[in-house]
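The listed protein sequences correspond, in order, to chains A and B. Here the first sequence is numbered in the UniProt record's numbering, starting from 1 and rising by one per residue. Here the second sequence is numbered in the UniProt record's numbering, starting from 1 and rising by one per residue.
In case anyone wonders, no lab produced these hints; they're calculated from the structure. Do not take every clue at face value.
Stated by the list, open to error - No more than 30 Å apart at the CA atoms, straight line, and that leaves these computed lysine-lysine pairs for BS3-like: (1) B:128 x B:106; (2) B:78 x B:106; (3) A:272 x B:78; (4) B:198 x A:147; (5) B:64 x B:183; (6) A:25 x A:35; (7) A:244 x A:35; (8) B:198 x A:35; (9) A:207 x A:147.
Claimed, not checked - A few chain A residues that don't get close to chain B, going by computed Cβ distances all over 12 Å: (10) 77; (11) 103; (12) 288.
What the hints assert, rightly or not - Counterexamples of contact, computed for chain B against chain A with all Cβ distances above 10 Å: (13) 12; (14) 16; (15) 86; (16) 124; (17) 153; (18) 159; (19) 162; (20) 164; (21) 192.
Just so it is clear, the structure is predicted and the values come from calculations on it, not from any experiment. Virtual Cβ for every residue (Gly too), placed ideally from N, Cα, C.
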Amino acid sequence: MRDWALLGTVLALLSLATLGGQWLKRQTSMGLDGKAVDAFNSRIQAWWFFSIVLGISFFHPILTVVLFGMLAFWALREYITLTPTTMGDHRALFWVFFLFTPAQFVLVGFNMYSLYSVLIPVYAFLFIAARAAISGDYHRFLERIAKIQFGLFVCVYCLSFVPALLFLECQSTEGDESASARLLFFFITMVLFSELAQFLCSRLFGKHLITETIDESRTWEGVVGGAAATALLGSLLFWATPFKYLWQVATMSILISMMSSAGALTMAAIRKDRGEVRSGTLIEGHGGVLSRIDAICFAAPVFYHLTLVFFGRAAG
Amino acid sequence: MFTETLLTWTARIISGVSVRWVDSQPDTCQRVYFANHTSHLDVVLVWSALPADVRHLTRPIAAKDYWEGGSIRRHLAKVFNAMLIDRKEIKVHQSPVDMMLREIGKTHSLILFPEGGRSPGEEVGEFKSGLYYLGKKRPDLELIPVYINNMNRILPRGEFLPVPLLSSLTFGPPIWLEAGEPKIDFLARARDAVLSLKEN
């Protein structure tokens with residue numbers, strides 16, 4: 001029952017947002033920035049995509065893990081394409097793509113938290129550095145390995161915590177089989193809604209830019225307003241979550257919103273830096289997959305971990 | 001047929017290639033596609049980027065010593081319908097250009113890498129003269145420049161393990177050999193035609 005209610009709520013929200021986006025597109029007299037409206041609409045599209053993917057997770061968790069694995073692979077591909085690597089990195093990159101990326105998602109699929117939570121930050125990071133050293137190329141060594149490590153961390157490690165939510169068991173929902181699918185659905189809804197809310201708040205009340213060198217539209221008012229709106233929506237979806245009290249849902253929602261903003265800003269910094277160096281045809285449009293998952297990447301591991309610590313089955 | 005489908009899809013997936021035609025369109029008329037060369041996969045890549053009907057009329061020029069090494073490569077060369085040229089035994093009475101023209105007749109097109117070998121980095125080396133003689137003996141052939149971007153990072157020289165990054169292929173507008181144009185000028189112009197697609 002609660003599954004369908006959540007699904008229905010999200011679909012209603014999405015339809016509303018889609019209609020709003022289409023309406024904004026036709027308003028030529030309001031002096032709206034066409035690029036901003038397009039960005040808004042492409043976010044809604046991404047939201048539709050994720051909602052459909054997550055609809056599947058109610059029926060088949062492994063399929064969701066596989067889909068996110070493919071998403072991570074593609075995001076990493078875009079990231080490394082944007083980032084200059086040298087011949088000395090080649091072999092390290094091969095193992096990053098064909099060993100560590102699939103292994104991370106296989107471990108998530110088997111719910112081996114104690115392994116997948118350290119596979120990349122311990123084993124992969126040490127391996128990358130050692131493999132790059134073996135190649136004998138020491139030029140800009142630290143920069144090179146940091147670039148690969150960060151890419152693997154954000155695109156694969158962080159993203160893998162999204163499907164991992166499907167296997168997270170909480171004290172309050174023990175025995176409820178679809179509770180974790182709802183948790184994942186709730187999380188994605190919060191991230192994508194917070195992006196939209198932040199965008200709208202920035203447009204309506206935005207005065208103080210966070211940093212004009214990276215993002216000319218992201219304002220402090222947008223971040224605060226977005227977090228407030230997300231907290232409100234989170235509270236309304238309270239019944240779908242494993243959290244016990246309203247303030248807990250609100251806090252988690254604010255946290256998700258804050259992490260989303262941080263993620264979007266960080267990835268914008270990377271794109272900006274690389275975009276100035278390599279303006280090319282390799283990645284058509286504005287970053288493709290990478291720019292659609294930036295917010296999710298930052299919010300997922302934090303949300304997973306805090307939920308596990310405070311509400312997980314093992315927690316006291 | 002099966003190997004062909006498998007190959008074109010493998011090449012597309014590994015190279016994540018996006019194909020663009022700038023001021024030219026795929027066509028079955030006789031052409032010489034000439035591209036910069038940075039990876040073993042280049043031949044497969046350009047060949048699989050062409051629409052099937054054009055592809056079946058297009059023969060890549062490949063080095064005999066490499067593509068006859070081992071039964072897999074030999075089979076692949078057959079699938080591409082590659083024209084194998086002996087790099088070591090180039091003689092006056094059996095010049096490769098004459099052989100190419102004889103083989104393509106009035107129907108086939110060619111894929112050619114005028115640098116001769118693969119260049120190590122992103123640079124495009126000086127062009128060898130084959131393209132000039134092709135243009136001179138068959139002025140009716142359209143010479144289409146092709147720029148291959150990022151393949152040197154996907155499968156660089158001396159590597160056999162690919163890293164699946166994204167690459168792009170750009171086909172440019174045709175050029176022809178001008179009447180009385182000196183060899184050096186033409187080869188420089190052809191090289192510039194390839195390089196100019198990089199910025200596009």
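Hints the structure violates: just list their numbers, smallest first.
-> 3, 7, 9, 10, 12, 14, 17, 18, 19 and 20
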